[in-house]
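Colleague: Residues -21 to -1, 1 to 971 in mature numbering (1 follows the signal peptide of the UniProt record, and there is no 0) are what the sequence shown spells out, letter by letter.
No lab work stands behind these hints: they were computed from the structure. Quick reminder that beta carbons are idealized off the backbone N, C-alpha and C, glycines included. Among these hints, one or two may not hold up.
Beta-carbon label-pair distances, calculated as ranges [said to hold, decoys possible]:
#1 C813 x Q709: 11 to 21 Å
#2 R688 x K354: 58 to 68 Å
#3 K354 x L316: 24 to 34 Å
#4 K719 x R688: 30 to 40 Å
#5 C813 x D713: 50 to 60 Å
#6 L952 x C813: 18 to 28 Å
#7 D104 x D202: 24 to 34 Å
#8 E358 x D202: 35 to 45 Å
#9 Q951 x K354: 33 to 43 Å
#10 D10 x L316: 29 to 39 Å
#11 T436 x Q709: 50 to 60 Å
#12 D10 x L83: 50 to 60 Å
#13 E568 x E358: 25 to 35 Å
#14 N385 x D739: 45 to 55 Å
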Amino acid sequence: MKKIIACIGTFFALVALSTQAKNPYLLQTADRSAMEHWVDSVFESLSPKERIAQLLVITVRNSDTPQNRKTLQRLIQEQKIGGLLFDSGTAKDQANLTNYCQSLSKVPLMITLDGEWGLAMRLSDTPRFPVNMMLGAVQNDSLLYEYGRAVGKQCRCMGIHVNFAPVLDINSNPRNPVIGKRSFGESLKNVSSKAIAYAKGLESVGVMAVAKHFPGHGDTSEDSHKTLPLVPHSKGRLMSTEIPPFKAYIDSGLSGIMVGHLNIPAWDATNTPSSLSPIITRELLCDSLNFEGLIFTDALKMKGASKFGNTALRAILAGNDIALNPSKPEEQLNSILSAIEQGKITQQAIDEKCKKVLRYKYVFGLANYTPIKTKNLIEDLNAPEYDALNRKLNSEAMTLLRNSQNLIPITHLNKGRIAVVSVGNDTESVFQKTITLYADNVGRFDDSNPLPSLLDTLKHYDKIILAVHSGKAEHRARIGRICQTGKAIVACFLSPYQMNRLSHELTHCKTLLLAYENTSLAQEYAAQALFGGYAIKGKLPVSLEGSFKLEEGIYIPKCRLGYAIPESVDMDSRILSAVDSIIAQGIKEEAFPGCQLLVARQGTVVWNKAYGYFDYETHRHAVATNDLYDLASVSKATGTLPAIMKAYDNGRIDLNKPMSKYFAPLRNTDKKSLTIKEALLHETGMPASLQMTSVIIDPNSFTKPLIKRRKSSIYSIQIGNNAFANCNAQLRKDLLSSRKSDRFPMIIAQNLYGSKSLPDTLINHIIECKLRPSKRYLYSCLNFVLLKETVESATGIAMDKYLQQNIYGPLGMQTTGYRPLDRFPTERIAPTECDNFYRKQQLIGYVHDETACFFGGVQGNAGLFSNANDLAKLCQMWLNKGTYGNERILSPKTVELFLTEKSSTSRRGLGFDKPDMENPEKSPTAIEASASTIGHLGFTGTCFWIDPEQELIYIFLCNRVYPSRTHDALSQLNIRPELFSTIYRSIKNHSK
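The whole structure should be built from the sequences, with the hints applied where relevant.
Modeller: Structure, rendered in structure tokens:
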């Protein structure tokens, strides 16, 4: 009884408030005097029939053919209709047809759109935004306003003045056959706020929003396209549930409402569709709710209205301003003319509605009509800003409904095996491909794997990511059986109602993410959500009987890199795309045969591309983003340095203590006082490098000098610029062999093995090398060789294992490491130099640097291989002050120290290179880089730079030393700094 009284109270409150309704916003924007002058002049030029025709909007084919143009010509020039609604087609055809039709029309046409999820609902070559049910999960309504503005701008580009959106129906009936995902949900507040935000966005750029389907189509069990649906509820229920969103919309000053075809006995017991009912349209909508905007019928050809005859006349008599798509327009016009003659409707009523329509046409700018600009139209409609917004909407909608074992975000990627199984899709799905950005070595399965063998295989995995792309009967058993393993993390690409039909199959899954749709973007952002690439914020917009309550959703903060486009982080992709031409020029000039380029900002990767090939000659292998490159000296800052940082963090080393405290062989030498900090700053007095020829070349194998500046028959092996080696020189047979054995167990290269004594021999040469008189800065690979020995002595663990256990494994850097051939095929590793002197082979997977190579591939100065994507994880960990993937890798104090400490006598930092702020023309970075920028260069053509002030990461990997180290076009063309400068220029509002 209390509920009924409350409903009646709501009704009288609405009536009482009716006088407070706002004049529609769009009309308020017009110069009233100028508008009325134009309206009157146009109106006076129209015949009675033409005035009636202004009240008709007709659906037409969107196909730019001669036959269709003739049809449109007759419709416009003979029937003089007031507006058009184009059917499905392409933006190009519709733009051309719109320009054609406007050129034929005496009065500019009102162009309308049925675009509930953007232009793509009708136009195939435009961005496809999420359906409303998905948007109902978004918690930030300002995004709905931005979405409305975006669609409005696209409409303006297309010459569209009216969008039949938003849907204001409260979808309280899960079995509703026609509304469902078209609704924002079942919460009055949520539906109202989102619809109004969207509508305000549309109208802020001059496009009319038309809310539908008044007075509410959400709780029906029939489709008005096929029949007249019954809404069996009482007035009280209708006024408390269906009407409030429309009332809020009206009070917000919004301009258009569409009346649906509904049988509502509580208001009109004559079995008359609400669209044709004066009681519902005029008395309720106009008089009680005091709506003063433009009223459209739903399409009158729909079965819910068409059988009642004379639909246009009945619609106008009921109080509608626009009769949408009645059948046989000419007959409808004549019917209304006859009704005027018979006194069923007055000419005054027609004239008032005609002027009302003309006022809105003035507001739409049709008093000064200009044709659509078709040049670059498709590019404009698909501008990156729309893509960025679309991505934001998708990411904000992801809804985590179960996380009972706290498996989301997925952590500890170095522990246990992960399988990804797609049901209703394949292993090449966007979802599976996106997961490889976080976990490269996952097992990937799909419907092609028979269920019995699949279940047997899955026993060997610790986590199973189950992607549900289909709820069809033939997939249910598969879903249920995989969930019964107890290891399933389910991502569901279905609507909430479709998902709930799988409630039995999903009973045993402990983790459930609802992605709402099976689009590419939904798949991409669901995958990112599982790994913490974005915060999970969505709330369920409907209740699911027996499963989940309205507004359920578990919040999970962001903890890893996300992936998007430049506009997502206030960068301009149009400017950034200039890197493509810089790289293309580099490849053309043979500075490098191929490369990887990654750019990340504010925790989001916005550019992760591969270019060119592994070589110049065969072009057999196009570079992929998951291929590996030899990092050369970038290994110093991404290998040895993180190991030093971790050892320091754990109290194993003191930067101000001498390396000899930890590495005993330095004691009792002239290097006993060299500190770790001095080595990191390259201020030890150590020579630049080890003369490898003096160690491993047999001096008895040749008689003349080993190296000359000019090539000759004997000095035929080029080993550097103006450096040619004696072709008779041979490796020392006591240190190196072409066969592996107990004496020669260490692999150096293909068919080349080092003796057990080789590492000690090399270390002894380094220890015994002569120090320079001064400790003044000199870049030296030997500093980092000693640092590697220091960290191993301090921790008691080989550096490659220490890094894997403490840095790379926890970060999920699955390609990063030394000796890549132990884990990857040669097909994934970029070749470097064709070494005709030491190793006499094309190097693939064996480190290019000779010092690291003859130490067996693991050394402090070089040896790492990686792809750009994995290096970005390390860089982001530093920007995060030591955390990544919900794991604490380093303490904030340690990160702060190493990222900010700088030499007092050089540009160098603690293990990092930095910009040369005093001599910017000599700086290794971009001139725009801030003083806090850190990074490093590598001899093979690699580099990475991190600018903490911009939260910016730039990584460039290439094999410029293929096929020879003498290729120096990379430096001559200044490619790496130029790429970095382009990145800075793409940052919006960045100036330096």
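Colleague: With respect to the beta-carbon atoms only, verify the hint that N385 and D739 lie 45 to 55 Å apart.
Modeller: holds, 49 Å
Colleague: Taking 33 to 43 Å as the stated bounds, is the beta-carbon spacing between Q951 and K354 within them?
Modeller: About 39 Å separates the Cβ atoms of Q951 and K354, which means 33 to 43 Å holds.
Colleague: Verify the CB-CB distance for R688 and K354 against the hinted window 58 to 68 Å.
Modeller: holds, 59 Å
Colleague: Would you say the C-beta atoms of L952 and C813 sit inside 18 to 28 Å of each other?
Modeller: holds, 22 Å
Colleague: Using the beta carbons of K354 and L316, state whether their distance is inside 24 to 34 Å or not.
Modeller: At 43 Å between Cβs, range violated.
Colleague: A range of 30 to 40 Å was offered for this pair. Does it hold for the Cβ distance of K719 and R688?
Modeller: Holds, since K719 and R688 (Cβ atoms, about 37 Å apart) stay within the stated range.
Colleague: Please test the hint of 11 to 21 Å on the beta carbon pair from C813 and Q709.
Modeller: The hinted range 11 to 21 Å holds for C813 and Q709, with Cβ atoms some 19 Å apart.
Colleague: Given a hint of 50 to 60 Å, does the C-beta separation of C813 and D713 actually sit inside it?
Modeller: Given a distance of about 27 Å, which is not inside 50 to 60 Å, the answer is violated.
Colleague: Return holds or violated for the Cβ distance of D104 and D202 against the range 24 to 34 Å.
Modeller: Check passed, 29 Å falls within 24 to 34 Å.
Colleague: Okay, E568 versus E358 on CB: inside 25 to 35 Å?
Modeller: holds, 30 Å
Colleague: So the hint says 29 to 39 Å: do the beta-carbon atoms of D10 and L316 match that?
Modeller: holds, 34 Å
Colleague: Does the Cβ pair D10, L83 satisfy 50 to 60 Å?
Modeller: For L83 against D10, whose Cβ atoms are near 28 Å apart, the range 50 to 60 Å is violated.
Hints 3, 5, 12 from the earlier list are contradicted by this structure; the remaining hints agree with it.
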